[in-house]
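Model the full assembly from the supplied sequences, consistent with the hints where possible.
2 protein chains.
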Amino acid sequence: MRSCGIVVEYNPFHNGHRYHAEKARELSGADVVVAVMSGNFLQRGEPAIVDKWARAQTALQNGVDLVIELPFAWAVQSADYFAKGSIKFLQALNCDALCFGTDSDTVFDYAGYGRFFIEEKAAIDQLFHELPIGWSYPEKMAEVVSRLYPKAQNFPPNHLLGLSYAKENAAYNRPMELFPLPRKDQGYHDQTLPADQFASATGIRQAVLAGEEEVAAFVPREMLQELKQTAISWEDFWPYLNYQLRANSLADLREIYQMTEGLEHRLVEQAAPDFAGFLQTIRTKRYTKPRLQRLLTYVLLQVKVTEIKAEQENSMLHILGFTEQGQKYLNQIKKQVSLPIAAKIGQQEKEKHFLTYRADQIYQLIHPQEQTIGRFPIRV
Amino acid sequence: MRSCGIVVEYNPFHNGHRYHAEKARELSGADVVVAVMSGNFLQRGEPAIVDKWARAQTALQNGVDLVIELPFAWAVQSADYFAKGSIKFLQALNCDALCFGTDSDTVFDYAGYGRFFIEEKAAIDQLFHELPIGWSYPEKMAEVVSRLYPKAQNFPPNHLLGLSYAKENAAYNRPMELFPLPRKDQGYHDQTLPADQFASATGIRQAVLAGEEEVAAFVPREMLQELKQTAISWEDFWPYLNYQLRANSLADLREIYQMTEGLEHRLVEQAAPDFAGFLQTIRTKRYTKPRLQRLLTYVLLQVKVTEIKAEQENSMLHILGFTEQGQKYLNQIKKQVSLPIAAKIGQQEKEKHFLTYRADQIYQLIHPQEQTIGRFPIRV
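Quick mapping for you: the protein sequence lines, in order, are chains A and B. So for the first sequence, the numbering used here puts the first residue at 68; every next one is plus one. So for the second sequence, the numbering used here puts the first residue at 68; every next one is plus one.
These are computed hints drawn from the structure, not numbers from a lab. Misleading hints may appear alongside valid ones.
Treat identical chains as interchangeable: a pair holds within one or across any two.
Unchecked claim - Quick list of in silico lysine to any residue cross-link-like pairs, SDA-like style, CA-CA up to 25 Å:
hint, residue 1, residue 2
1, 251, 284
2, 417, 288
3, 376, 418
4, 411, 338
5, 417, 318
6, 295, 284
7, 417, 322
8, 251, 185
9, 188, 327
10, 376, 417
11, 151, 239
12, 376, 316
In structure tokens, the structure reads:
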């Protein structure tokens with residue numbers, strides 16, 4: 068069976084995501100579409116508006132055959148690490164192709180860009196050494212790409228994620244065939260709802276959280292039901308974060324993953340009535356909103372540097388659900404997969420993906436119906 | 068001016084406490100009654116039902132002349148440390164006498180008991196060395212007292228606190244004169260309300276938290292007002308503790324003060340609907356309720372071993388309030404006091420009593436009207 072991988076968050080699942088799954092199958096000529104999906108906390112440092120099981124279920128009802136959970140330590144990360152984790156998982160799942168969204172209609176040779184990092188390694192390494200010591204890794208990398216591969220510059224944000232996928236993918240012995248797909252929905256950060264059936268996830272989230280009823284046109288029926296029952300946001304976790312910032316000493320905060328450059332001082336003693344107000348208070352030009360939201364997620368979950376590494380090294384394929392086709396594919400690959408498979412979370416699995424488990428435990432404070440231990444994969 | 072010290076918690080202030088203040092003045096012949104009082108968290112590991120300012124105010128209106136805050140690191144402690152801290156503070160305040168409640172009418176020579184620890188030091192030390200290594204300090208101490216000073220055995224619980232005061236007091240160059248006072252109110256743990264005007268604090272708390280109206284006979288009018296407006300209990304903090312136990316790893320919990328003997332394993336993954344249910348789940352014969360409640364307070368405040376020592380070493384006399392007489396006394400002693408005096412909490416004071424400040428910050432999650440920074444002492 069030929070398989071096409073996709074990397075998703077589905078926050079929430081909308082019509083553009085169904086289009087993506089259909090096109091992934093069509094463009095790659097795949098028999099099965101395999102999604103690697105973030106769990107209850109997401110790449111941009113936010114809780115998912117709807118829990119992972121509901122998102123997986125809707126995906127399986129709308130064109131996806133197999134949903135595997137990307138654990139917290141890979142999911143709640145900058146684009147680089149997020150891509151590294153997702154490609155690792157899709158490679159472990161023996162995917163033949165990868166289809167990803169791009170905001171750009173411009174034809175761009177992603178595979179060539181990926182190979183550039185392999186083929187020009189010596190030149191890249193040398194330039195890295197010559198750049199000022201004070202620069203951060205992302206700053207140096209941007210400079211390297213700008214000088215040695217200028218074609219990759221000045222693209223919109225979703226394109227950058229595609230670049231990261233291409234780079235990671237090229238490093239494997241058997242890279243997946245790449246299928247960039249110009250996005251059907253509105254721009255990634257577009258906050259208004261459009262006239263046709265494709266709206267951005269951001270626009271849909273804002274409408275739902277504002278209590279508006281008008282999102283029915285943009286999401287599958289199954290997701291609409293879920294959104295009506297639960298719509299979770301950072302505001303739900305604000306009382307816990309606010310408490311934690313009062314309980315943690317500066318020394319405690321300094322042990323939190325990504326708490327660099329004295330950021331802990333910005334976080335304490337900021338009086339704010341809610342999360343939005345708090346975020347506004349601590350923002351500066353230097354830090355993007357996702358960077359700060361991830362940091363606050365790490366505070367909320369009390370995540371330490373060593374814990375991120377430990378969970379990453381204990382990666383396993385946690386199956387959230389499958390269709391009949393997805394199950395056949397699992398049977399086909401199960402003897403070749405390079406990561407352990409977990410059909411449900413027991414004591415051992417809980418200890419491997421312990422940050423993901425912790426994220427679930429905290430998510431369940433707001434959404435007690437969710438369940439982690441012993442839950443069987445969804446069958447559609 | 069002759070001064071008599073008292074050690075109090077006032078949770079809440081009731082008629083028995085007014086009787087205590089009056090008798091302290093009368094028995095000791097003092098011009099001024101000086102109270103060292105726990106702040107917003109108490110010796111038995113509980114949040115105060117009414118905040119420290121309201122308790123200080125009622126005390127000043129009912130026979131006390133000066134109220135000094137016993138900081139968190141000395142207050143939320145076993146009887147030994149609680150006594151060590153309170154006597155240290157009363158000594159720093161140059162008190163001439165100490166009047167404390169005892170459940171026993173039996174005449175007992177507290178001062179003699181205190182001197183025994185000084186005079187028999189060699190014999191006590193030797194016996195300590197001979198006792199099994201596996202015994203804890205309190206176990207060894209109980210054995211030492213039982214063998215070398217059997218008269219101090221088999222007294223009710225409040226008497227034990229008196230013994231601790233006597234022992235600490237005797238170690239100073241100028242010990243305070245001791246005035247034990249048989250308690251007028253019901254037994255310490257009595258949960259029912261009696262027919263006369265003296266009920267135990269425990270009985271009053273339970274009645275208030277159960278929403279009963281019948282406590283008016285047992286507390287001064289000022290306290291009744293406060294109790295009607297706010298009546299805080301552990302249940303108010305249960306959501307935060309429940310969250311914290313999900314966010315902390317076992318390694319995090321092991322760093323908490325007093326988390327000994329693998330207690331952290333008992334605390335995690337206990338499903339309970341509320342604090343009372345949770346406490347029930349984790350209780351064993353080995354640990355008393357106050358011991359466990361203190362431990363949970365340390366978890367709630369994320370208190371580490373080194374932090375307790377640091378706050379203890381930075382002890383200062385934080386004035387919560389005074390009467391005219393109390394102010395005169397302060398003026399008299401202010402050049403001789405052995406600890407720094409703080410009339411209000413600013414940046415420097417916050418850093419000295421940082422656990423007390425943290426306790427306030429967390430108490431204020433439930434009781435936002437309370438204020439720490441820059442608040443002036445109450446004048447009555």
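Structure-based check of each hint:
1. Taking CA atoms no more than 25 Å apart as the test, residue 251 paired with residue 284 passes inside one copy only; the shortest distance there is 15 Å, against 73 Å between copies.
2. For the homomeric pair residue 417 and residue 288, neither the shortest alpha-carbon distance inside one copy (33 Å) nor that between copies (55 Å) is at most 25 Å.
3. In this homomeric assembly, residue 376 and residue 418 come within 25 Å of each other (Cα to Cα) only inside a single copy, at 14 Å, whereas the closest approach across copies is 34 Å.
4. When the C-alpha separation of residue 411 and residue 338 is checked against a cutoff of 25 Å, the pair qualifies only between copies, where the shortest distance is 21 Å, while the shortest distance within a copy is 42 Å.
5. In this assembly of identical chains, residue 417 and residue 318 lie within 25 Å of each other by CA distance solely across copies; the values are 16 Å between and 28 Å within a copy.
6. In this homomeric assembly, residue 295 and residue 284 come within 25 Å of each other (Cα to Cα) only inside a single copy, at 14 Å, whereas the closest approach across copies is 52 Å.
7. In this assembly of identical chains, residue 417 and residue 322 lie within 25 Å of each other by CA distance both inside one copy and across copies; the values are 23 Å within and 22 Å between.
8. Taking CA atoms no more than 25 Å apart as the test, residue 251 paired with residue 185 passes in neither setting, with 32 Å inside one copy and 85 Å between copies.
9. In this assembly of identical chains, residue 188 and residue 327 lie within 25 Å of each other by CA distance neither inside one copy nor across copies; the values are 29 Å within and 52 Å between.
10. In the homo-oligomer, the alpha carbons of residue 376 and residue 417 lie at most 25 Å apart inside one protomer (16 Å), although the nearest pairing across protomers, at 36 Å, exceeds that limit.
11. Taking the shortest alpha-carbon separations for residue 151 and residue 239, only the intra-copy value of 11 Å comes in at or below 25 Å, while the best inter-copy value is 66 Å.
12. Taking CA atoms no more than 25 Å apart as the test, residue 376 paired with residue 316 passes in both settings, with 24 Å inside one copy and 15 Å between copies.
The structure fails to meet hints 2, 8 and 9 from the earlier list, while all remaining hints are met.
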